Every structure is written in structure tokens, then in C-alpha cells.
Amino acid sequence: QVQLQQSGPGLVKASQTLSLTCAISGDSVSSNGATWNWIRQSPSRGLEWLGRTYYRSKWYSDYAVSVKSRITFNPDTSKNQFSLQLSSVTPEDTAVYYCARGYSGYDDYWGQGTLVTVSS
Amino acid sequence: DIQMTQSLSSLSASVGDRVTITCRASQSISTSLNWYQHKPGKAPKLLIYAASRLQSGVPSRFSGSGSGTDFTLIISNLQPEDFATYYCQQSYSTRTFGQGTKVEIK
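Top line first, the protein sequences correspond to chains A and B. Following our numbering, the numbering of the first sequence begins with 25 at its first residue and continues without gaps. Following our numbering, the numbering of the second sequence begins with 4 at its first residue and continues without gaps.
FYI, nobody ran anything at the bench for these hints, they're computed from the structure. Fair warning: there could be bad hints in the mix.
Keeping only pairs whose Cα atoms sit at most 20 Å apart, straight-line, the calculated EDC-like set for lysine to aspartate or glutamate is [unchecked claim]:
{"id": "1", "chain 1": "A", "residue 1": "LYS92", "chain 2": "B", "residue 2": "ASP4"}
{"id": "2", "chain 1": "B", "residue 1": "LYS48", "chain 2": "A", "residue 2": "ASP132"}
{"id": "3", "chain 1": "A", "residue 1": "LYS37", "chain 2": "A", "residue 2": "ASP100"}
{"id": "4", "chain 1": "B", "residue 1": "LYS42", "chain 2": "A", "residue 2": "ASP86"}
{"id": "5", "chain 1": "B", "residue 1": "LYS45", "chain 2": "A", "residue 2": "ASP132"}
{"id": "6", "chain 1": "B", "residue 1": "LYS42", "chain 2": "B", "residue 2": "ASP85"}
{"id": "7", "chain 1": "A", "residue 1": "LYS92", "chain 2": "A", "residue 2": "GLU116"}
{"id": "8", "chain 1": "A", "residue 1": "LYS82", "chain 2": "A", "residue 2": "ASP100"}
{"id": "9", "chain 1": "B", "residue 1": "LYS48", "chain 2": "B", "residue 2": "GLU84"}
{"id": "10", "chain 1": "B", "residue 1": "LYS42", "chain 2": "A", "residue 2": "GLU72"}
{"id": "11", "chain 1": "A", "residue 1": "LYS82", "chain 2": "A", "residue 2": "ASP51"}
{"id": "12", "chain 1": "B", "residue 1": "LYS48", "chain 2": "A", "residue 2": "ASP51"}
{"id": "13", "chain 1": "B", "residue 1": "LYS105", "chain 2": "A", "residue 2": "GLU72"}
{"id": "14", "chain 1": "B", "residue 1": "LYS109", "chain 2": "B", "residue 2": "GLU84"}
{"id": "15", "chain 1": "A", "residue 1": "LYS92", "chain 2": "A", "residue 2": "ASP132"}
{"id": "16", "chain 1": "B", "residue 1": "LYS48", "chain 2": "A", "residue 2": "GLU116"}
{"id": "17", "chain 1": "B", "residue 1": "LYS45", "chain 2": "A", "residue 2": "GLU72"}
{"id": "18", "chain 1": "B", "residue 1": "LYS109", "chain 2": "B", "residue 2": "ASP20"}
{"id": "19", "chain 1": "B", "residue 1": "LYS109", "chain 2": "B", "residue 2": "ASP85"}
Just the calculated beta-carbon pair ranges, DEER-fashion [unchecked claim]:
{"id": "20", "chain 1": "A", "residue 1": "PRO115", "chain 2": "B", "residue 2": "LEU11", "range": "24 to 32 Å"}
{"id": "21", "chain 1": "A", "residue 1": "SER111", "chain 2": "B", "residue 2": "GLY19", "range": "44 to 52 Å"}
{"id": "22", "chain 1": "B", "residue 1": "GLN82", "chain 2": "A", "residue 2": "TYR84", "range": "34 to 42 Å"}
{"id": "23", "chain 1": "B", "residue 1": "SER33", "chain 2": "A", "residue 2": "TRP83", "range": "24 to 32 Å"}
Stretch by stretch, here's where chain A covers chain B in the computed footprint (C-beta under 8 Å, at least three residues) [said to hold, decoys possible]:
{"id": "24", "region": "27-41"}
{"id": "25", "region": "49-59"}
{"id": "26", "region": "94-105"}
Since the model is a prediction, treat every value here as computed from it, not as a measurement. Beta carbons are placed, not taken as given, at the ideal position from N, Cα and C, and that holds for glycine.
With the rest of the complex left out, here is chain B (with noise of 0.2 Å):
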């Protein structure tokens, strides 16, 4: 099984702040990598497909890169409604999850 580590189980930051979260994966997945934003009481929203990809409806301040092991997501001008749990997934090789990072108010 290809296992995904985020280094970050949380971090503290403010409104306006730039914000990176990273992911690795335990073996090369090419760019099959996707990110979601997870909130309490509601369902996963997808954000960046194929590492890079913005989903429909996602605002541009959210952005991916990376390819192989080690890949990035970034916020810029972090908002009040970012304020979540935000997990990396390889679909490589079937699903992995990473462990999740949740971005806190600082």
C-alpha cells in the first residue's frame, strides 16, 4: 500500500496569511494526487485534482504543485472560511489518505 505522510498535524495562522501544507508519498504517484478541505458535520470538498487542477468553484487562492513524492497546497490571502482539516489522497494506486492537517486560528 503506497502510504501518505503530512508532516503538519496542525498549524496556527491568521487571516490574510499565506499557508503551505505539504504531503508525501511513500513511493513516485506521478501527479495522482488530490486535496480536499474537511469541515465538522459536512462532507469532504474536493479542491486540487492531479496535483495542479482547481476544481470548478474553488476560489483561486488555493493552489497545488508537486509530482513523484512531494507535493504542496497552497493558500494565499487565508480567509475565515478556510479554517478547516485539510487532507492530501493518492488515487495512484487505489485511495490513501494522508493524515490530515487542520489549520487553526492563530
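Next comes chain A alone, as it looks inside the complex (with noise of 0.2 Å):
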């Protein structure tokens, strides 16, 4: 059974960078067949796909053209998670944060999710 853990801080001052950890169980970081996602939600978005890495022989990251000038991702094979950072952060991006492991062309496993107040 595939189990994702999210850690981080959920109060961002504006301007600063938002950082969230996934720690992933029962798969691996680095398995060839998935994909690990990051997505967002807000009232005024609802759900919101920020983005995704994956290994295939070597390292693969996609954002969305929303906030793709201000994400990355890194994967951590020793601690078999990966992790968020966006930066320049502002109240728009105050939202619960969510990992999931993409598989076959789904999302199948989520975590808990993270609400991220960014404050002015």
C-alpha cells in the first residue's frame, strides 16, 4: 500500500518561499513507472496541477505555465521523497497543497494535504 506524508510549514510571509515535503512508502521516488505531483486547492481555483517529477533513466520535471518561473521540484532518493518549493510567494497562493503518485496516466495516491496561509 502506497502511503504519501506531507510535511511543512503552513504559514509563508509574502515574497518568501513555500517548501513542502512528500515522503513517500510502500513505492519509490525513483520507480520507473510513476510520476509525483504536486497540486493545489482553492475556493476561487479549485483543484490546480502544479506540476510533477519522474525518474526515466534520468531526471524529468513538468510545471504549469502558471507557476512555472517559480517551481522545482527535488527528488531525494536517500529519503525516498521529494519535495515543493515556490517562490516569490504571495496571498494568491494560499491554498491546501497536495503530492500524489501519478500511475498509468491517473493520480492514485494522495497526502493528507497542507493548507499554506501566505500572509501579507
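Could you use the hints to bring the two separately framed chains together as a complex?
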């Protein structure tokens, strides 16, 4: 059974960097069949896919156009986890952030969610 | 980017009703379409993948259909636990979600 455990601060000041980590159990971050996604949810935007990282003989990342200039993913094979960094945050980035495993074209396992509030 | 449009942001229904939720893609995505159920305070739950395939453990009252650009999620015999927000998601090119359709109690 795959489990994803999220961690990170729930409050970030505007203009600073939001950092979250997703620890994986039951699968490997370097699995050749999976992708590791970050998704957020807010009342104004609904669910918004932010991007993914995955390993296919080397590491790849894809990012949503809306955050592409501010977002970075870092897989950590030693800890079997992956992280999200979103820079220059504004109150518009206030949301519940989720990590999720992608497999065969769908996202089947999700983290518990982390509410991140950006204070101005 | 592929845009996903759910025409209804909300609908009202009663227990026992048949509910239809639609989703349209801005270009053909074959059957690369998933449906999720989202309740407040919980992670989204995968219901349907590849347009019509029922995820393991999901009740058979949920069904999906469509291909190309137009897709439908049907909930037959709506149950109290089905009141939630439903999102479509394309996986043809990275991922995009629709805006969501909230199913409310009439």
C-alpha cells in the first residue's frame, strides 16, 4: 500500500519561498512507472495541477505554465521523498497543497494535504 | 495547454436521483480523462480513469463515458455520501483539471 506523508510550514510570508516535502512509503521516488505530482486546491481556483517529477533513466520535471517561473521540485532518493519549492509567494498562493502519485495516466494515491497560508 | 471545462459549477439533487456531470476538453484527448471526488478536509479520491474504468473499491453507481472532447460522469441512485465536488482531469498532456461541479442537497 502506497502512503504519502506531507510535511512543511503552514504559514509563509509574502515574497518568501514555500517549501513542502512528501515522504513516500510503499513505492520508490525513482520508480520507472510513477510520476510524483504536486496539486493545490483553493476556493477560487478549485484543483490546480502544479507539476510533476519522475525518473526515466534520468530525472525529468514538468511544470504548469502558471507557476513555471517560480517552482522547483527536488527528488531525494536517500530519503525516498520529493519536495516542492515555490518562490516569491503572494496571498494568491494560499491553498491546500497535495502531493500525489501518478501511475498509468491517473493519480491514485494522495498525501493528506497541507494548508499553506501566505500572510501579507 | 489543454483546457478542461465543466459547464455546471454546481447542481442540486436529491438522494436516489440520477446525476449527470459533463466535461469538455479544448482538444481531443482520446480517453485520457479521469474523474475525482473531493470532500472538504479530505484528499481527492479517484473514481474513474481512462474515461470509463471504475477504480477499485468505488461503488458501481459511478460510471463514466466519452472520448475525444466530451465526457460524462453519471451517479445513479445518489447516496448521502455522494454530496461533494467532482472534478474531471485530462492526462493526455501532463495534467489539467476542470473547474469542478459541486453536487448539493436539494
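Hint check results:
With a CA separation close to 13 Å, the supplied pair LYS92 (chain A) and ASP4 (chain B) stays within the 20 Å bound. Between LYS48 (chain B) and ASP132 (chain A) the alpha-carbon distance is near 8 Å, which keeps this suggested pair within the 20 Å criterion. At most 20 Å may separate the alpha-carbon atoms for a hinted pair to count; LYS37 (chain A) and ASP100 (chain A) exceed this at roughly 26 Å. Our distance criterion of 20 Å between C-alpha atoms is broken by LYS42 (chain B) and ASP86 (chain A), whose separation comes to about 27 Å.
For the suggested pair LYS45 (chain B) and ASP132 (chain A), the alpha carbons sit about 14 Å apart, so the restraint of at most 20 Å is met. Simply put, LYS42 (chain B) and ASP85 (chain B) have alpha-carbon atoms about 9 Å apart, close enough for the 20 Å limit, and the pair holds. Proximity of LYS92 (chain A) to GLU116 (chain A) is assessed by CA-CA distance (about 15 Å); at most 20 Å being required, the pair is judged to hold. Proposed proximity of LYS82 (chain A) and ASP100 (chain A) is supported: the alpha carbons are some 13 Å apart, at most 20 Å.
Distance hint between LYS48 (chain B) and GLU84 (chain B) is fulfilled; the C-alpha atoms sit about 13 Å from each other, no more than 20 Å. For the given pair, LYS42 (chain B) sits about 16 Å from GLU72 (chain A) by alpha-carbon distance, which is consistent with the 20 Å threshold. For the given pair, LYS82 (chain A) sits about 18 Å from ASP51 (chain A) by alpha-carbon distance, which is consistent with the 20 Å threshold. Proposed proximity of LYS48 (chain B) and ASP51 (chain A) is supported: the alpha carbons are some 19 Å apart, at most 20 Å.
Proposed proximity of LYS105 (chain B) and GLU72 (chain A) is supported: the alpha carbons are some 16 Å apart, at most 20 Å. A C-alpha spacing of about 14 Å is found between LYS109 (chain B) and GLU84 (chain B), which places the hinted pair at or below 20 Å, so the restraint holds. The hinted pair formed by LYS92 (chain A) and ASP132 (chain A) fails the criterion: a straight-line CA distance of about 24 Å is larger than 20 Å. A hinted pair counts as satisfied when its Cα atoms are at most 20 Å apart, and LYS48 (chain B) with GLU116 (chain A) does not qualify at roughly 25 Å.
Distance hint between LYS45 (chain B) and GLU72 (chain A) is fulfilled; the C-alpha atoms sit about 16 Å from each other, no more than 20 Å. Of the pairs offered as hints, the one joining LYS109 (chain B) and ASP20 (chain B) holds, with about 10 Å between alpha carbons and a cut-off of 20 Å not exceeded. Straight-line distance between C-alpha atoms of LYS109 (chain B) and ASP85 (chain B) comes to about 13 Å, which keeps the hinted pair within the 20 Å bound. Between PRO115 (chain A) and LEU11 (chain B) the beta carbon distance is about 29 Å. The supplied range of 24 to 32 Å therefore holds.
Remark: the range hint 44 to 52 Å for SER111 (chain A) to GLY19 (chain B) is upheld by a beta-carbon distance near 50 Å. The beta-carbon spacing between GLN82 (chain B) and TYR84 (chain A), approximately 41 Å, falls within the hinted interval of 34 to 42 Å. One distance hint, 24 to 32 Å for the beta-carbon pair SER33 (chain B) and TRP83 (chain A), holds here, with the actual separation near 27 Å. Coverage of the region 27-41 of chain B by chain A holds [criterion: at least 3 residues with CB-CB distance below 8 Å; count 4].
Check result for the region 49-59 of chain B against chain A: holds, 4 residues qualifying (beta carbon to beta carbon below 8 Å, three or more required). Against chain A, the region 94-105 of chain B contributes 8 residues with a C-beta closer than 8 Å to a partner C-beta. That satisfies the three-residue criterion, and the hint holds.
Checked against the numbered hints listed earlier, the structure breaks hints 3, 4, 15 and 16; every other hint is satisfied.
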